Structure formats: C-alpha cells, structure tokens
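Start from the sequences and build out the full structure, keeping to the hints where you can.
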Amino acid sequence: MIITDISVPTASFPLGRLLEEYPDVSIELETMVPLHDSIIPLFWVEDGDEREIEETLREDALTDSVRLLTETDGRTLYEIHWSSDVNSLVQPLIEVGAEILSAEGAADEWDFRLQFRSHEDLDDFRSRCQENEIGIELRRLYNPSVPVEGGPLSIEQRDALVTAYLHGYYKVPREANQTDLSAQIGVSDNALSQRLRRGTARLIEESLFPERRGS
2 MIITDISVPT ASFPLGRLLE EYPDVSIELE TMVPLHDSII PLFWVEDGDE REIEETLRED
62 ALTDSVRLLT ETDGRTLYEI HWSSDVNSLV QPLIEVGAEI LSAEGAADEW DFRLQFRSHE
122 DLDDFRSRCQ ENEIGIELRR LYNPSVPVEG GPLSIEQRDA LVTAYLHGYY KVPREANQTD
182 LSAQIGVSDN ALSQRLRRGT ARLIEESLFP ERRGS
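So the mapping is simple: the working numbering equals the position in the sequence shown, first residue as 1, plus 1.
Keep in mind the hints are simulated off the structure, nothing from the lab.
Note that the structure is a prediction, hence the values are computed from the model and not measured.
Ideal placement from N, C-alpha and C gives every residue a C-beta, glycine not left out.
Just so you know, nobody snuck in bad clues.
Pairwise CB distance ranges, derived in the manner of DEER restraints: (1) Thr64 <-> Glu176: 41 to 49 Å; (2) Glu134 <-> Leu102: 20 to 28 Å; (3) Glu22 <-> Thr201: 43 to 51 Å; (4) Thr201 <-> Arg140: 17 to 25 Å; (5) Arg114 <-> Thr201: 26 to 34 Å; (6) Glu53 <-> Ser84: 21 to 29 Å; (7) Asp25 <-> Glu60: 15 to 23 Å; (8) Asp25 <-> Thr201: 44 to 52 Å; (9) Tyr171 <-> Ser85: 35 to 43 Å; (10) Ala192 <-> Arg114: 18 to 26 Å; (11) Ser194 <-> Ser84: 42 to 50 Å.
Right, dumping it as structure tokens:
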C-alpha cells in the first residue's frame, strides 16, 4: 500500500470550473463513486452562494443532475452525477483503482491524498496522467509500513530511486535512461541526476558505513 500527496492545476479536475468562477470558494471532496454509466462525487462547498453554485454546476456539459444534500456550519454538501464521458484526472484515478483519502480545491490548485495498492499502480497512474497531459506535482510519497520521515532519504530522493527501479534503470541492459525518468517525474535531467546520486550515496552510507550516521 502506497500513499501519496499530489497537487494538480484547478482545471485538471471537473469541479475546477467552480473554483475558477468563484475564487473565494473552497471545496472538499467527501467521496467519489464510479458507476457503470456515471460517476457520483459528493463534496462540500464553503463560502459560496447556493443558487449560483447550483446554476454553475448544472451548466457544465458533464453534469447530468445536481442535488443539495445538507447544510452545516456554513458549508453545503452537494451530490452531482457526472456522465461517464468525464475524463481529466477522474479516469486515471478510476482505471488504476486509486482511493481518494482526501481532496481539497482552491483557486490555484487541487490537493489530493491518494492511496494505491502498489508502486506499480502509482506508476501506471502517473503514466496515464502524462498521456492525458495532466501535470501532477508529487509532494509526498510514503509507505505506511515503512516510515519515511526521519529516514535517510528525502521524499524526492525516494521517489526518484523507486521510479528508476520500477522502470528498469538499474537492470542490465538498462530499460530506461535519465531523460525517460525525468519526464516521468516531471523534473529536469540535472535535478533527477542529483536526486539519484545523493539518494544512492545515503543508502550506501546507511548500509555499509553505519558509524558515519549523523556525521
């Protein structure tokens, strides 16, 4: 099981139109249920006019229906039905079976915490996003059974090493080069090279020279 925090541009998620039209509004996704012929997200909206919000949601070509479920503490819970044609970030999430642990949207970007069954599923998700030209920023990656914070590697170093391993960078002959990996992660070749070298050096130091820890 792998958990990751990512950020995507507002427009990469269908509810982004709401944030673009009402930048002072904040959205928190409660859940998203994929069905055979539709996708049903439930989400909270804070600091928005109910009539304007509903009208904007109904005008979206992807929206089949909108329903206001409840109101509490200045927040409104909506349920909408998207047609199965919805794409952007939604389809990659569904196709790889990712679980949305949390999702919050503001005027500039969406922040997601996602859970994947394996590194392979995460890698598949990133590939699908790249095919759909969805720019994602990986902000945190960790395996709950193997704590990352306080470990020898930074989040970026661990992500670079894991991606390199999964893509066959360490196989003989190599199945991927640094240009391939940097495109996959979304960083420059130079940044990737530094992460790989520093991450490898830290692992060697931890494994072979434990007496140098903290020096």
